[in-house]
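K.L.:
Note that the protein sequences, when read in sequence, are chains A, B, C and D. First residue of the first sequence: 126, per the working numbering; consecutive thereafter. First residue of the second sequence: 126, per the working numbering; consecutive thereafter. First residue of the third sequence: 107, per the working numbering; consecutive thereafter. First residue of the fourth sequence: 107, per the working numbering; consecutive thereafter.
In case anyone wonders, no lab produced these hints; they're calculated from the structure. No residue lacks a Cβ here, since even glycine has one placed at the ideal position from N, Cα and C. Don't take every hint at face value.
With a Cα cut of at most 30 Å, we get these calculated DSSO-like pairs of lysine-lysine [what the hints assert, rightly or not]:
1. LYS139/D x LYS131/A
2. LYS424/C x LYS327/C
3. LYS451/B x LYS279/C
4. LYS422/A x LYS178/B
5. LYS327/C x LYS178/A
6. LYS250/D x LYS451/A
7. LYS405/C x LYS131/B
8. LYS279/D x LYS111/D
9. LYS355/A x LYS372/D
10. LYS387/D x LYS111/D
11. LYS139/D x LYS372/D
12. LYS327/C x LYS139/C
13. LYS378/D x LYS327/D
14. LYS405/C x LYS178/B
15. LYS424/C x LYS451/B
16. LYS405/D x LYS178/B
17. LYS279/D x LYS250/D
18. LYS111/D x LYS178/B
19. LYS424/D x LYS451/A
Under 7 Å between C-beta atoms, here's a sample of chain B residues computed to sit facing chain A [as the list claims (entries may be wrong)]:
20. GLN256
21. TYR280
22. GLY404
23. GLU415
24. PRO434
25. HIS444
26. ASN448
27. LYS451
28. ALA454
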Amino acid sequence: MENERKLTIARAMAEATAQEMRDDPSVFVMGEDIAELGGVFGNTRGLLEEFGKERVRDTPISETGFIGAAVGAAQDGMKPVVELMFVDFFGVCFDAIYNLMAKNTYFSGGNFNVPMVLMTSTGGGYSDAGQHSQCLYGSFAHLPGMKVVSPSNAYDAKGLMTAALRDPNPVIYMYHKGLQGMGWLGTEAGAIVHVPEESYEVEIGKAAIAREGHDVTIVSIAQGVHHGLKAAERLADQGIRAEVVDLRSLVPLDRDTIRASVAKTGRLIVVDEDYHSYGVSGEIIATVTESNMADLKAPPKRIAYPDVPIPFARVLEQHCLPNADKIVAAAREICGAPVPA
Amino acid sequence: MENERKLTIARAMAEATAQEMRDDPSVFVMGEDIAELGGVFGNTRGLLEEFGKERVRDTPISETGFIGAAVGAAQDGMKPVVELMFVDFFGVCFDAIYNLMAKNTYFSGGNFNVPMVLMTSTGGGYSDAGQHSQCLYGSFAHLPGMKVVSPSNAYDAKGLMTAALRDPNPVIYMYHKGLQGMGWLGTEAGAIVHVPEESYEVEIGKAAIAREGHDVTIVSIAQGVHHGLKAAERLADQGIRAEVVDLRSLVPLDRDTIRASVAKTGRLIVVDEDYHSYGVSGEIIATVTESNMADLKAPPKRIAYPDVPIPFARVLEQHCLPNADKIVAAAREICGAPVPA
Amino acid sequence: MQPAKDTLAWMYEKMVTSRRFENAIEKIYMEGKSPVFNMADGPIPGEMHLSDGQEPVAVGVCAHLNPEDVVTATHRPHHQAIAKGVDLKKMAAEIFGKATGLSGGRGGHMHIFDADVNFACSGIIAQGMGPAAGAALSRQIQGKPGVAVSFIGEGAANQGAFHEAMNLAAVWKLPMVVVVEDNAWGISVSKEASTAIQRNSDRAAAYGIPGHYIPGNDPMKIYEVAGEAIARARRGEGPTLIEVETYRLAGHFMGDAEGYRPDGEKDGLFEKDPIPAMRAKLLADGNFTEAELDALEDKAQAAVDEAIGFARESADPKPEDALTAVFA
Amino acid sequence: MQPAKDTLAWMYEKMVTSRRFENAIEKIYMEGKSPVFNMADGPIPGEMHLSDGQEPVAVGVCAHLNPEDVVTATHRPHHQAIAKGVDLKKMAAEIFGKATGLSGGRGGHMHIFDADVNFACSGIIAQGMGPAAGAALSRQIQGKPGVAVSFIGEGAANQGAFHEAMNLAAVWKLPMVVVVEDNAWGISVSKEASTAIQRNSDRAAAYGIPGHYIPGNDPMKIYEVAGEAIARARRGEGPTLIEVETYRLAGHFMGDAEGYRPDGEKDGLFEKDPIPAMRAKLLADGNFTEAELDALEDKAQAAVDEAIGFARESADPKPEDALTAVFA
Ligand SMILES: Cc1ncc(C[n+]2csc(CCOP(=O)(O)OP(=O)(O)O)c2C)c(N)n1
Ligand SMILES: Cc1ncc(C[n+]2csc(CCOP(=O)(O)OP(=O)(O)O)c2C)c(N)n1
Ligand SMILES: [Mg+2]
Ligand SMILES: [Mg+2]
């Protein structure tokens, strides 16, 4: 395509942020290593050079302090973009996130708004062990008062970032390291897509049909969407037409799109890199069962991270992670095709 | 009953702890206001007097510090019992809980064990607003490496406490304020039951059938069990025989007991005082659907706390909380009886 | 820097307003809670942390603040809210959980928010530290006037949030003042049992900023020291840490039997009640007549009566409103 | 207190062991990672934080410790582990993710645990502070000998966990020593940009305990000051806070281009490499001959070779073992 402008998610995020910073002087960025270094995961690269130290601030290693500060600034008319370097670190600062940022709008009856974006990296697969590889989607999505998004490709990454920056509410923006486009982490090629130069929004709370199909619905988010797409490709060769739903947003959750897809296919697989129990996979299955039980031709399946901390060794970690093989096997099983293929 | 020895949950917890402290010198207790005051919720009353300041220690308001310290002590051969006064405060110390306490056994490949009990109060209903009324069952149960229990009555409270104290793993012991037996919080009468004086264990990971029935299964934990029992009583008058499952433990989750009950009744209602989405209710529904879809005569229902922070005003909070009325209505609906009765 | 007469009058009036407000709340809180004391009952359910005795801190500091300045307060926020100028009627209504309350009843006594005067509080110990630093940062970035004051208890100075926000404020030279209300107790745990040093103001050394300790719960002295600190912040010279000795004349929360207090401690405190002390001082200094002070007290009482009346008469929120205002 | 000759020999040998170990890891880490550098590839995947240059802190402190003493370390733990006596073969195997590793490959380089010598570490900044306080508390309650040492970076001293555990250790007079390795950087953020004061040792004032700053990355000076602090802790006199100036001769992690460093900073550091400096000093003082030091180096190299060989040859864990050891 001639006018293709392929960007990584990292660059798409930085571009959206820069564009909003040009238009809106209240936007500023802070976090660990986000200024001079441009972010460990590249998503703030170039911002310091363009906007200077006042608006692009490296912080001490004090997540409670600076996320709490972001809330205070947001309540005071600013629009902070803060980074929690790895989502795994949420434990040192979750009070500032879930009990302060997420609730002050409600506690104040709308007296104060808390417009801010909390960016955080998720995901494993590169042997970074159990304090640097989690997704924790469910941990954030479970608690009220914050929106939660996670893009699977650069187009959505930019549009969701712009939407988040314009949202009057706190938005948790989770970017998956395996999709980020940093060479040193490997890159999912499918995440690097055409991104228009001009500013645009992807609506928070709307899922996308990443691939159409009629036999089975594969619901996922971020990296899981790519596993789903690869599985769908292989299933197509085997005569099974899988539909892949990219949630893009966990809060609000687009229950309608999920339900409509399952109403059509009658079968559901949820792919979730977060822990198996009490999380995203259970919620999606419950959502469908509550409303579309009669449509279900087979019990729903989940391919999720098992309920164990994430191990370091490659063979151990890879054993646990969702992948296309596992999805293919599950799809064949519920579609009544012999497993293995 | 002649030899009845009715205790509150608070006293049952303190009794179990005292008995273990007598037998096992490695057990010690720390937390805010647990010594001199005997715990804001009474569950450490009498311990200071019997065991002295060395083993019953008031702490500074430093949850990260003292829960982290408990992990260090547990790894060093002690058996700490720590209190997080309200579960709502988990945000200030969750790293020490989920990323340290829960994972060090795994990270060390069993090199170190972390035998400790983290007691924490849950639940609302008495207008303590959104930072003092949550249950957060799902937030703890979602993350691997810690067992999670919550009793609905004093018998289980003592037995689970003893089991937790003898478990070589970290156990989160959640006690519901509405059941605790502190007059100033109101008391659910059904929680105050006969408790044998001698020491005994209630197995962690085994649900109980709190009431038998054949038409619908009501699954819950802690306070929700009492709502379920009250609803079952009323439903019985209306010809609907509800079975009430008291989970008692969320991790491990007794999936077998839930499934067996639904296999019998064909109908499922989950009652959960924690937030609706991405939590306990979704997990239970998914658990049943995965295995027993064919048994289900109607779509499962959940009566959970809606996805909003917990409001202060009585009318607002009561509107949100699960109660017997809501359960009765849901049960009648899925049992095909006219609603309202 | 001694307060001018009108400031003294304001300080006295606000101290009295605060105390009379607490007296009214205390009484109403007990309605419906006897013979059995159950927090859930009565026109004001839930926890209730009264500020009796701690009024000097609130007025001594807030006398220097404008509505545009920011205050973050604690689980014990009434005196601070009143001194900061929070709408008393709407605040009372919020404490009653009424539709006319500041937050329509969603927040209650531990969650008093008034954007008009930039006041917020929280039930989590030391949680306000970060937001105060952030508000100060917001003013610094925008070049807009205003300082941020975070009030915390002495028990809160052992929380990680305290340390992180102090360092942030100091390294970025933010216009922030931290005021520690040292009432010697964090619920039942004494400062001595919880805190490795005697004076939290000495912790200023950990951040290279000024630290001041003010003994005696003395509104004049607080006024003076806070004035300097706030002026310093306004000049862009960075944060200050102040610890004030004060007294908690009520229990930690209502229903607290205070068995943990050494015998007689409470009696000694009542003798040092700062309101009669200030009245006596204003008279002794010859600045005010009895009549003038009586008039201030009457004004305070009238404001309290009006606010309580408003709260009582206001309607409950609609139950379904529980589901609104989660998002803007 | 100057180290005796056998202690000096031990210190030098351990410093060299640590450096040679890092050199070996550095080389192997790059295997399979070219032409494209992808962390996920090669025999040692994932993040890798080398300790080159920081060896003096580890040996100066650990020279005073027995296996029964407790150490909690950081994301940059190799030098500390080696000085504490962690089994080098099993540690290497863990870093390779092998079944024979300390944790059977579950932990990797940021999660080195050896119960035999009471060593643990963590990838979360300042997370080890609480556990060190707890281990110290455990000894105090049990009346058992042993101190706990928590090593952290200078960046970690701005975390809440630092403050909370320091206060706890001080108020309970725990046998604990906190050693801050000040390598001037927390990834790309300088100490100056992150920390409100120059020396974290001054933060001891916030806890009423002794604080010592040791300039120059000098193993002898570290030995001396740490020795006093540890002896003090053993005597039951409570914790000490020590900050040591040290140098990070490698990037923050492997792959770090260090563009944030001022020009020439790195060259200056290499000139101050503590290992040649110690060798020169030992020779100059006349305590050791070249041959003696060569022999120590050979011994260090042999240990490293053996450990790396063991790790290389060991088998991968069984994939299903990922699901075991969650619970005891
Ligand atoms: C993080 C956290 N831990 C514990 C509590 C429970 N709590 C409420 S008030 C209080 C004592 C606070 O003491 P202090 O800071 O001195 O304030 P005071 O009550 O004396 O005004 C405690 C421990 C809490 N609200 N938040
Ligand atoms: C709570 C937390 N925040 C951030 C990080 C990311 N991180 C890893 S190392 C590091 C820098 C640490 O600096 P310092 O404490 O000085 O140790 P050094 O790396 O210099 O040895 C950061 C920010 C982390 N691991 N944990
Ligand atoms: Mg206090
Ligand atoms: Mg450093």
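K.L.:
Now look at each hint and say whether the structure bears it out.
P.N.:
For each hint, the structure was consulted:
1. LYS139/D x LYS131/A: The hint holds at about 25 Å.
2. LYS424/C x LYS327/C: violated, 47 Å
3. LYS451/B x LYS279/C: violated, 54 Å
4. LYS422/A x LYS178/B: violated, 63 Å
5. LYS327/C x LYS178/A: violated, 39 Å
6. LYS250/D x LYS451/A: Since the Cα atoms of LYS250/D and LYS451/A sit roughly 52 Å apart, the hinted pair is violated (cutoff 30 Å).
7. LYS405/C x LYS131/B: violated, 54 Å
8. LYS279/D x LYS111/D: violated, 33 Å
9. LYS355/A x LYS372/D: violated, 46 Å
10. LYS387/D x LYS111/D: The hint holds at about 13 Å.
11. LYS139/D x LYS372/D: Holds, at about 24 Å.
12. LYS327/C x LYS139/C: violated, 40 Å
13. LYS378/D x LYS327/D: Roughly 16 Å between the alpha carbons, so the hint for LYS378/D and LYS327/D holds.
14. LYS405/C x LYS178/B: violated, 50 Å
15. LYS424/C x LYS451/B: Distance ~18 Å between LYS424/C and LYS451/B Cα, so the pair holds.
16. LYS405/D x LYS178/B: violated, 50 Å
17. LYS279/D x LYS250/D: Answer holds: LYS279/D to LYS250/D is near 15 Å, not above 30 Å.
18. LYS111/D x LYS178/B: Violated - the C-alpha atoms of LYS178/B and LYS111/D are around 45 Å apart, more than 30 Å.
19. LYS424/D x LYS451/A: Holds, at roughly 18 Å.
20. GLN256: Status holds, d = 6 Å.
21. TYR280: Interface hint status for TYR280/B: violated (26 Å vs cutoff 7 Å).
22. GLY404: With a closest approach of 5 Å, the GLY404/B hint holds.
23. GLU415: At about 5 Å, which falls below the 7 Å cut-off, the nearest Cβ of chain A leaves the hint on GLU415/B intact, so it holds.
24. PRO434: holds, 4 Å
25. HIS444: violated, 14 Å
26. ASN448: violated, 20 Å
27. LYS451: The hint is violated - LYS451/B has no Cβ within 7 Å of chain A, the shortest such distance being about 15 Å.
28. ALA454: Since chain A brings no Cβ nearer than about 15 Å to ALA454/B, farther than 7 Å, the hint is violated.
Hint compliance for this structure: hints 2, 3, 4, 5, 6, 7, 8, 9, 12, 14, 16, 18, 21, 25, 26, 27 and 28 are broken, all remaining hints hold.
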